[in-house]
Every structure is written in C-alpha cells, then in structure tokens.
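In this note's numbering, the protein residues as written are 1 to 269.
There may be inaccurate statements among the hints.
Listed next, the in silico EDC-like pairs over lysine to aspartate or glutamate satisfying Cα-Cα at most 16 Å (straight line) [said to hold, decoys possible]: (1) 125 / 106; (2) 125 / 197; (3) 125 / 95; (4) 168 / 118.
Label-pair ranges, simulated between beta-carbon atoms [said to hold, decoys possible]: (5) 244 / 61: 19 to 25 Å; (6) 20 / 153: 21 to 27 Å; (7) 48 / 226: 27 to 33 Å; (8) 53 / 77: 34 to 40 Å.
Quick caveat, the hints were computed from the structure, so don't treat them as lab data. For every residue, glycine included, the Cβ atom is placed at its ideal position computed from N, Cα and C.
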Amino acid sequence: MGIVNINDDSFSGDGSLNIDQAIAQAEAQVGAGADIIDVGGESARTNRPPISVAEEISRLTPFVTRFAECHSSVPPVDEEQVFPPMLSLNTWRPEVLRALLPLGIDIVNDISALAHAENAAVAAKYGAALVIMHSVGKPKVPHRHVQYADIMQTLDDFFDRRIAEATKAGLSREAIILDPGIDFAKQRPDNLRIYRELGRLNRFERPILLPVSRKTVIGEVLDLPEPKDRDPGTIACVVAGMQQGATIFRVHNVNATRLAVRAIWSVLG
C-alpha cells in the first residue's frame with residue numbers, strides 16, 4: 001500500500017496540495033509495485049489543526065476522479081501485482097465517504113477506530129472494504145498518556161466489539177481489515193509489544209494492515225529524529241510483520257519494501 005498525502009503538513013514531509021504532483025507520486029508507486037494507493041487529504045498529526053469537511057472533499061475529489069491516470073501508462077511489475085491497483089481513502093468523516101465512495105473507492109481506511117458506525121454502513125452500501133484501526137478518543141486530539149494494563153488484550157476486546165458493530169451496520173465480515181494502530185495513543189512499550197505479538201490477531205481470520213512506515217517508535221528505537229531516515233527500520237518491521245501474518249503494509253518507499261518482501265518470500269519459500 002503506497003501513500004499519497006494531499007496536504008502540506010504530513011509528518012513525513014512528502015505531502016503536496018498539487019494534484020498533478022500527487023498523481024505523479026501515485027504513478028511512481030504503482031510503477032514500483034504498489035497494489036493499493038492510500039490517499040488522504042488531512043494529516044493525522046495531532047499538533048496540526050483539523051480541516052473542514054468541505055476542504056477535505058475538495059482536496060480529494062480531483063485525485064479520485066483522475067486515479068486511472070496513475071496506472072494507464074505503466075505496466076504491472078510482475079504477475080503478482082494487483083493491477084489495476086486498488087484505491088484506498090484515508091478518512092474518518094462519514095460526509096467525506098458519502099461524497100467520494102460513489103466515484104469508485106475500493107477500501108475505506110478509517111483512522112477513527114470506527115467512531116462512526118455509519119462509516120461501516122456507507123462502505124457496505126458502495127461495496128468497499130473497511131480498515132478498522134485501534135485508537136482511543138477522537139482523531140486530531142493528542143492522547144499521549146493513555147495507559148493499558150495489557151495492550152494485546154485491549155486489542156482483542158476492541159476488535160471483538162468493532163467487528164460486531166460493523167457487521168451489525170451491514171458490512172460483511174469478509175470486507176473487514178484490521179489495523180493495530182501503531183503510534184496512535186500508544187507509548188513505546190505498547191508499540192513494541194504489538195510488533196512482537198502481532199500474530200495474536202490472526203484469531204480474527206481477517207487481513208492485518210501494518211502501517212509501519214517511518215513511525216515514531218522506529219525513530220525512537222534507532223535514534224533517528226528525521227522520518228525520511230527510517231526506511232531501513234520500516235523494512236525490518238515489515239519483514240517481522242510478514243512472519244506473524246500481516247499481509248498489507250502501508251509504506252512510503254514502495255520499491256525497497258517490495259524487494260524486501262520478494263527476498264523474504266524466496267528465503268522462506
């Protein structure tokens with residue numbers, strides 16, 4: 001899953017409000033082997049002000065309507081690449097989903113921890129898959145001091161509840177993807193334990209999305225304050241995640257990650 005940020009305040013510094021640049025970035029990621037492009041119009045950073053619903057829609061609509069340009073002039077890199085690539089919409093607002101899903105969205109990447117059950121209903125209406133990410137509280141609000149008695153048990157209980165809520169809203173269980181929410185309302189020990197025990201989530205028998213790219217916890221472990229320097233740590237986390245059953249990896253450096261995945265497949269058979 002490649003990342004396209006249509007904003008000017010992404011933590012990784014790779015965002016742009018220029019749609020032509022965003023299309024070119026997505027095309028490069030597809031050309032590097034991305035199966036999915038995850039596009040968002042608002043930074044998840046809690047130290048940046050939220051944007052309005054209207055602004056988010058205005059940022060995303062031109063990209064969504066032009067998404068075919070991202071793969072019309074590049075061939076698939078191999079037979080394993082999903083092609084044409086899928087389009088994932090990174091938002092938590094029901095109003096944005098209602099406006100954009102009719103234009104052709106394959107996946108809803110909801111970073112609100114499914115704060116709105118309506119998001120599941122809208123995804124179901126338009127035949128989109130839904131990523132349920134663990135967090136606490138509202139998006140764009142800092143939650144730095146959350147304490148968990150047992151983060152893995154917390155994830156177990158959370159996904160039990162949210163899967164039930166999503167299916168009650170009309171979404172098929174087969175359309176659900178799970179995201180443990182690395183760095184969201186979690187401290188370093190919690191993040192590291194999730195990496196170590198990720199396989200525990202396999203009991204839900206749903207795909208696991210691991211958005212590890214350039215995360216703060218990687219910077220802490222490797223003493224790398226600049227996100228752009230964290231790709232080696234990102235790839236290490238991807239390999240560890242593969243070994244525990246994760247199947248979708250949200251990354252900035254698609255080419256390096258794809259090569260690492262191919263290598264580990266060859267080694268492990």
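Here's how the hints hold up against the structure:
no., hint, in the structure
1, 125 / 106, "12 Å, holds"
2, 125 / 197, "34 Å, violated"
3, 125 / 95, "14 Å, holds"
4, 168 / 118, "11 Å, holds"
5, 244 / 61: 19 to 25 Å, "37 Å, violated"
6, 20 / 153: 21 to 27 Å, "47 Å, violated"
7, 48 / 226: 27 to 33 Å, "18 Å, violated"
8, 53 / 77: 34 to 40 Å, "37 Å, holds"
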